[in-house]
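Novice: Now for the letters of each chain:
Number of protein chains: 2
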Amino acid sequence: MSKRIVPVILSGGSGTRLWPLSRLDRPKQLIAIAGEHSLLQETALRTRDPNMFDRPVVVASAGHAEQVELQLDDIGVSPAQLIIEPEPRNTAAAIALAALVLGPGDILLVLPSDHVVKQPDAFRAAIESALPLARDGMLVTFGITPDRPETGYGYIKRGAELSPGLFQAERFVEKPDSVTAQAYLSDGGYLWNAGIFLFSADSFLDALELHAPEILFAARASIAAQRADGIYIWPDARGFGRAPGLSIDHAVMEKSDRVAVAPVAMGWSDVGSWEALHAIGEKDASGNVLTGDVVAIDSRDCLIRSDGPVIVTLGAQDLIVVATERAVLIAPRGESQRVKEAIDALQKRGK
Amino acid sequence: MSKRIVPVILSGGSGTRLWPLSRLDRPKQLIAIAGEHSLLQETALRTRDPNMFDRPVVVASAGHAEQVELQLDDIGVSPAQLIIEPEPRNTAAAIALAALVLGPGDILLVLPSDHVVKQPDAFRAAIESALPLARDGMLVTFGITPDRPETGYGYIKRGAELSPGLFQAERFVEKPDSVTAQAYLSDGGYLWNAGIFLFSADSFLDALELHAPEILFAARASIAAQRADGIYIWPDARGFGRAPGLSIDHAVMEKSDRVAVAPVAMGWSDVGSWEALHAIGEKDASGNVLTGDVVAIDSRDCLIRSDGPVIVTLGAQDLIVVATERAVLIAPRGESQRVKEAIDALQKRGK
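Line order of the protein sequences matches chains A and B.
At position 331 of the first sequence the residue is numbered 331 (our numbering), and the sequence of numbers has no breaks.
At position 221 of the second sequence the residue is numbered 572 (our numbering), and the sequence of numbers has no breaks.
Don't read these hints as lab results, they were simulated from the structure.
The C-beta atom is built at its ideal place from N, Cα and C for all residues, glycine as well.
Be aware that one or more of the hints could be misleading.
Chain A is nowhere near these chain B residues, computed Cβ spacing over 10 Å in every case [claimed, not checked]:
(1) Phe404
(2) Asp472
(3) Leu556
(4) Phe568
(5) Ala667
(6) Gln668
Only pairs whose alpha carbons sit at most 25 Å apart, straight line, appear in this in silico PhoX-like list of lysine-lysine [stated by the list, open to error]:
(7) A:Lys283 / A:Lys255
(8) A:Lys348 / B:Lys606
(9) B:Lys526 / B:Lys606
(10) A:Lys118 / A:Lys157
(11) A:Lys283 / B:Lys699
(12) B:Lys526 / B:Lys508
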C-alpha cells in the first residue's frame with residue numbers, strides 16, 4: 001500500500017464529437033486539442049508530482065495502447081501499469097480492473113483522459129482537502145462549481161457538510177432542461193458531475209460488491225486469468241465480457257450512501273463539442289480561437305482549426321471550421337453539436 | 352482566305368479570382384468550373400462545327416501551352432496554330448498576333464477562354480446574324496442583354512440600328528455604380544461588354560494602325576521574327592515587349608467609328624467570382640450549388656465545392672466554401688469577391 005495517491009487514467013474512450021479531428025482510430029484524448037500536449041498528456045502532467053502521486057495506472061483499449069504508451073513516454077511519464085480493456089464495458093468495469101490490480105488500501109484518483117483543467121492548482125488543493133475523507137472510506141466525487149446554466153452535463157446536489165468545504169452527495173441528477181439548469185445555477189447547491197473520483201480501492205470494490213456485484217465478479221474473474229508482460233496487463237476477455245456496461249455513476253455513486261462531493265472551480269471542461277472548445281480557447285482580439293494554418297480576415301467569434309490545408313476566412317462570423325487532410329467541417333456556432341449527423345451521413349456514403 | 356470563321360481563343364489569363372481553385376499555375380480556363388470540361392474546352396467545343404468554323408487559333412502563355420494542347424487534344428480539337436505570347440501584353444496585342452498569322456480576309460471570332468455560355472445556340476445565331484457586317488469591314492462586338500443591375504461589368508450603349516437586330520455601338524462605359532447600373536437596366540439600350548468580337552483580320556489591323564499603331568508595329572515585328580514548329584508559333588519576344596499593354600476595348604473599340612454591337616441573351620457569365628458561379632450553377636432543392644465530395648446537411652443557398660477533402664456543412668447558410676488539398680476558402684456570399692485579400696495575406700506569409 002502506497003501512502004501516495006495513484007492516478008487511474010481512463011483512456012478507453014473513442015468519441016467522435018470532435019470530428020473530423022477525432023476519429024475512431026484517433027480519439028480526442030490522443031490529440032493536442034487545447035495546447036501543445038494531448039489531453040491524455042495534460043492529464044498525466046497534472047499528476048506528475050512524486051510528493052503527492054504515484055506513477056499512474058492507465059486503462060486503455062487495445063487499439064490505442066501503443067499510442068498511449070508513446071505519448072506518455074514523450075512527456076517522461078512511465079505508467080505503473082497499462083491495463084488493456086478486452087472490450088469497452090464502460091467506466092465501472094474499467095475502474096474495477098484498476099482497483100483489483102492495486103492494493104486494497106491504495107487511494108485511487110480516477111481521471112478521464114480527455115478533459116481540460118485550466119487551474120490545476122485548484123484541482124490539487126481540492127484533492128488534498130478530500131484525501132482524509134477518501135482514507136476514511138468515503139467515495140469522493142469532484143463537483144464543478146457551475147458558471148452558466150449548462151444543459152450538457154449531469155449535476156450533483158450537495159447535502160450536509162461533512163467537513164469544511166466537503167459535502168454529502170445528496171442526489172445525482174441527469175442533464176437538465178434549460179429552465180431547470182437555470183434553477184440549479186440560482187440555487188447554488190448544484191455542481192457539475194465531472195466524472196473525477198477519489199477513493200480507496202477497497203471502499204470502491206466494497207461498494208461495487210454491494211450495488212453492482214456482477215461487475216465486480218466479472219472484473220475479478222478477468223484479472224484472475226490475466227496475462228502480464230512488463231507494464232502491460234491483459235485481463236482475460238471471457239471473464240470481462242460478462243460485466244454489465246454501466247458507468248460508475250449508475251453502478252455505484254447514485255446508490256451508495258458513502259458518497260461525498262468536493263466542490264471545485266478549476267476551469268474544467270469535458271471538451272464535448274467544438275462549442276466547448278471555443279468557450280475555453282484563447283481568443284484573439286476579435287473573439288476567434290485559431291489553431292494551425294489559418295488566416296482569418298475580418299472574421300469574428302469563430303473557432304477555426306486546421307491540421308491540414310490552410311484555411312482562409314473572409315468576413316466570417318460565429319462559425320466553427322475544422323479541417324484535416326481528409327475532411328472539413330463547417331457549422332455555425334450552436335450547430336456544431338450535430339456533428340454526429342455528419343458522421344452518420346458519411347457512413348451512409350461508405351466513408 | 353477561308354470562307355469559314357476562325358475562332359481565336361485567348362488563353363493568356365492567369366486570374367486568381369477563383370482562388371483557391373485557380374492559381375497562377377492553373378488559371379480558371381484550365382479548370383472544369385461549371386461542368387465536365389474545362390472552360391477552355393467548353394469554349395473550343397462551342398466552335399467545333401466544321402460547316403461554320405475553321406480549326407481554332409489559340410493564343411496562350413508559354414507556361415500553360417502544354418496544358419492547353421493536352422486539353423484540346425482530349426476533346427478531339429486540333430488547333431490550327433498555338434501562338435505563344437512572349438509576355439502578357441493584354442488583349443489588343445494578343446489579337447494582333449493572331450490577325451497577323453491569319454489571312455487578311457479571314458473572319459476572326461475572338462473568344463476569351465474562361466467564360467460560360469449556357470445557350471450556345473443563341474450565340475451561334477448571333478454570330479450568323481453578325482457575319483455580313485463583319486465581312487463588310489465592321490468590328491462587331493457581342494453585347495449581353497442584362498438581366499440584373501450588375502456593377503461588375505462594363506456596358507455598351509447601342510446606337511442606330513444598322514440591320515435588323517444589329518446596332519452601331521454608340522459608347523463604351525466603364526463599370527457603373529449601382530444607381531447607374533439600375534438606370535442602364537431600365538433604359539434597355541445598354542448591354543454588357545463580354546469581350547467577344549467578330550471581324551476580318553484586315554479590318555482589325557487597319558483599326559489598330561489608326562488608333563494604336565505602336566501595338567500593330569510591335570506585333571508585326573514580333574511575328575516577322577517568329578520561330579515556328581508544327582502548330583506552335585513563338586513570336587519574337589523583343590519585338591512584342593514594345594507593345595503597350597492595352598485591352599482591345601481601350602486600344603480600338605472605344606475609338607473606332609466602325610464598331611457594331613450584336614445584342615444576345617445566351618446565359619453568359621465571365622465567372623469572375625464565386626458569387627457568379629453560384630448564380631449560374633445548378634442548384635439543389637435548397638439553393639445549394641454542390642460540386643465534388645460534399646455533404647450539405649440542413650444547409651441553404653451555399654456554393655460548396657471540393658477538389659480535395661470531403662466538406663461537411665451543418666446548418667450553413669449563404670456561404671461560399673471551396674476546398675483543394677492545399678487550401679480552404681470560407682466566406683459569406685457577398686464577401687467572396689474579396690478573395691484578393693486572402694491571396695495578399697497568404698503572400699505576406701510566404702505561401
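Novice: If I take the minimum Cβ distance from Leu556 (chain B) to any residue of chain A, is it greater than 10 Å?
Specialist: Correct as stated: the minimum Cβ-Cβ distance to chain A is 44 Å, above 10 Å.
Novice: Test the statement that Asp472 (chain B) is away from the interface with chain A: the closest C-beta pair must be farther apart than 10 Å.
Specialist: 37 Å, holds
Novice: So if I understand the rule, the pair passes when the alpha-carbon distance is 25 Å or less; does Lys283 (chain A) with Lys255 (chain A) pass?
Specialist: Violated, because 42 Å separates the two Cα atoms, which is more than 25 Å.
Novice: Does Lys118 (chain A) pair with Lys157 (chain A) here, judged by a C-alpha cut-off of 25 Å?
Specialist: 24 Å, holds
Novice: Confirm or reject the statement that Gln668 (chain B) sits farther than 10 Å, beta carbon to beta carbon, from all of chain A.
Specialist: Violated, since 8 Å does not exceed 10 Å.
Novice: Does Phe568 (chain B) really sit off the interface, with its C-beta more than 10 Å from all C-beta atoms of chain A?
Specialist: Holds, since 44 Å exceeds 10 Å.
Novice: So if I understand the rule, the pair passes when the alpha-carbon distance is 25 Å or less; does Lys526 (chain B) with Lys606 (chain B) pass?
Specialist: 18 Å, holds
Novice: Would Ala667 (chain B) pass as off the interface with chain A, using Cβ distances and a cut of 10 Å?
Specialist: With a cut-off of 10 Å, Ala667 (chain B) comes too close to chain A, as the shortest Cβ separation is near 6 Å.
Novice: Grab the minimum beta-carbon distance between Phe404 (chain B) and chain A and tell me whether it stays above 10 Å.
Specialist: Correct as stated: the minimum Cβ-Cβ distance to chain A is 41 Å, above 10 Å.
Novice: Lys283 (chain A) and Lys699 (chain B) were given as a pair; does the straight-line alpha-carbon distance stay at or below 25 Å?
Specialist: Holds - the C-alpha atoms of Lys699 (chain B) and Lys283 (chain A) are around 23 Å apart, at most 25 Å.
Novice: Is Lys526 (chain B) within 25 Å of Lys508 (chain B), Cα to Cα?
Specialist: 13 Å, holds
Novice: Given the proposed pairing of Lys348 (chain A) with Lys606 (chain B), does the C-alpha separation stay at or below 25 Å?
Specialist: 61 Å, violated
When held up to the earlier numbered hints, the structure conflicts with 5, 6, 7, 8 and fits the remainder.
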